[in-house]
Amino acid sequence: MIYQHCSSHESFIRQDPISKEWVIYSISRKNRPHDQTVESSNKPLLSFDKDCPFCPGNENKLAIVNEEIKNPNGSGWLSRAIDNKFPALSQAAPTQRYKEGIYLCMGGYGRHEVIIENPHHSKDIPQYDVNEISSVIEIYHRRYLAMMSDDHIVMVTIFRNHGVNAGTSLAHPHSQIIGSPTVPRYIRIQEQISETYFDDHGVCIYCDLINSELKCGERIITRNSSFVSFVPYAAKVPYEIWILPCRHTAVFGDIKEYEKEDLALILKDILSRLSSLLEDPDYNYIIHTFTRYRTNEPHIHWFLQIVPRLLTPAGFELGSGFRINPSIPEVDARELKG
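Note that this note's numbering gives residue 115 to position 115 of the sequence shown, counting from 1, and the numbers run on in steps of one.
In case anyone wonders, no lab produced these hints; they're calculated from the structure. Be aware that a few hints might be false.
Stated by the list, open to error - Below, computed lysine to aspartate or glutamate pairings styled on EDC-like, alpha-carbon distance capped at 16 angstroms: (1) K337 - E218; (2) K236 - E317; (3) K123 - D280; (4) K337 - E240.
What the hints assert, rightly or not - Label pairs and their calculated CB-CB ranges: (5) D280 - N71: 23 to 29 angstroms; (6) G321 - R97: 25 to 31 angstroms; (7) E335 - Y186: 28 to 34 angstroms; (8) P56 - D280: 21 to 27 angstroms.
Glycine included, every Cβ here is placed at the ideal spot set by N, Cα and C.
Using the sequences and the hints, build the whole thing.
Printed below as a string of structure tokens:
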């Protein structure tokens, strides 16, 4: 059979020969559990749920615990990293690439972990104290470095899905980290644009972006000594927010200790504003940190993007690549600023 190489594994990756985009196929993802309270508008504010695999005491329901940060003020833990029981990519998959006629595929090698952010079943980032958020950022950092130590992984993506429209399936607050064996085309294009800008102007485009936004001030929401937050000039969705380190730094793995607390402060502030203004909207946030081969490049700059899931892209957007945003970035920033 011509397609036997990849499809014999639970996780594999195929490339679209027209767009050169990679598509991950993961059979185990069909079996993910779905917590009905995620979809309920009257979510019970429980500190513990006997059926939740992420709550303390339910460790028999977990996959392997890879790392945890202990609570310095008592017993137990603040946050922990576990293997995802239903991974998109797996270390059990092969790393080879194969030609299948005119097509290209590769084994779905990679790592997929869940970050259980807090022992409390119903608390969320706006309710966390700064030490709790710093613990989450600390474990992000540790697991990022652990994944990047694997020579087969070239890119690590850290993300959080909040709410059913953002793709979450369990109510207990958590984030995810995926280490992947190849770089998507749109990431390569972003890197190339940044490199061209640096060649033309001699500075990082993200550093110029920060300076431009600070000078204008109209889209700035808030800032502290290490980070600045704003609604981007060409925001793709209503209330999209970027948080960038003021210091030029290419990858999240290079975050300094003092920056972890500053990131915790601004993240709590921004998500509290968003929750208050939009009544706890569904959203994704993503830490965009660039690829293994770009870690010391002067034109690359990591950042955190928050994408509220208030709209569903329709046919024109899917067919054309345009995005239609009914909300003006300057107005969004003014409302978030308060």
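Does the structure break any of the earlier hints, and which numbers would those be?
Hints that this structure does not satisfy do not exist here, as all of them hold.
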